[in-house]
Amino acid sequence: MTSMPEPVDERLLGASDLARAALLEVTSEASIGEPVGYLDEGDGVISLRFANRLAGYPGWFWTVSVARVEDAEPTVLEVELLPGDDALVAPEWVPWAVRLAEYQATARASAESGESDLDERDDSDELDDDEIDEVLGDDLDDDELDDDGSPILHAGDLDGVDIDELDPAASDEDDDSDDDDSDDDDSDEDDDSDDDDDDDSDEDDDSDEDDDSDDDDDDDSDEDDDSDEDDDSDDDDDSDDED
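FYI, our numbering numbers position 213 of the sequence shown as 213, with every residue one higher than the one before it.
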C-alpha cells in the first residue's frame, strides 16, 4: 500500500513576501520576476521559485528554501539562482587526463585512416602497360607518336614556342643595340685619348718655358762675364798710365 505524501504547510506556501525580501538582500528588484511555483524538498522544507530577469541566464530561477517548526513562523534557509529543466548551462566538466586520452585516440585513428587512403590512391594510380594500351588503343605505336606533325621542341622552349623561330626583327634590334653600345665605348675611348693628348701638350709647353728660362739665365751670366772683362781692361789701362 502506497503511502500518501504529507500535505504542504499552507503557511510555507504563503511565505512569498518573506522569500522576496530575502532575495532583495542579494539582488536587485529588477532581476526578480513573478512567483512560478515551488518544489517540495521533504522534511517540512519547500523551495519557492521566482522568474529570473537577468540577461544571459535563460531558463534559470531564483530559488528560496523556507521551513517552519511547530509553533513558529516560517524562516528562510537558503537563497540561490538555480537552472531549470530547459536552462542554458555549461557542459559537464571533463578532467584533463580524460580529454587528452580521447584526443590521442582520435589522432591515432585519423592517422591510420589517412595512411589507408594514401595506400588506396597509390594503388589506383599505378597503371600497367595493358591498361595504358586499352586507353590509347592498340593501333597507336611509338612511330606514330614521333610522326604526328607536332614541332620538335628543345629544353629551353617555353609554352610550346620554339626559341629558334623568334621574330628576326627582335634579333636585329638587339644587334643594333649592341652596335650602339660599341660606338659609345669607342667614343669614350677617343675622348680619353684626346684628354691624354691635351695633358701631353701642357707638359710640352711647361718644358719649353723651362728651356726659355734657362736660356735667359745663360744670357744674364754672359752679360755678367762681359762686364767683369771690361772692368779688368780698365784696371790695366790705369796701371799703364801710371807707369
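Since the hints were made in silico from the structure, they are not lab data.
Please note that a few of the clues may not be correct.
[Said to hold, decoys possible] Cβ-Cβ distance ranges computed for the label pairs, FRET-style:
| hint | residue 1 | residue 2 | range |
| --- | --- | --- | --- |
| 1 | Ala-101 | Arg-20 | 47 to 55 Å |
| 2 | Gly-59 | Glu-25 | 35 to 43 Å |
| 3 | Glu-29 | Gly-114 | 54 to 62 Å |
Don't be surprised by glycine CBs; every beta carbon is placed ideally from N, CA and C.
Going down the list of hints, with the structure as the test:
no. : hint                         : verdict
1   : Ala-101 x Arg-20: 47 to 55 Å : 49 Å, holds
2   : Gly-59 x Glu-25: 35 to 43 Å  : 24 Å, violated
3   : Glu-29 x Gly-114: 54 to 62 Å : 60 Å, holds
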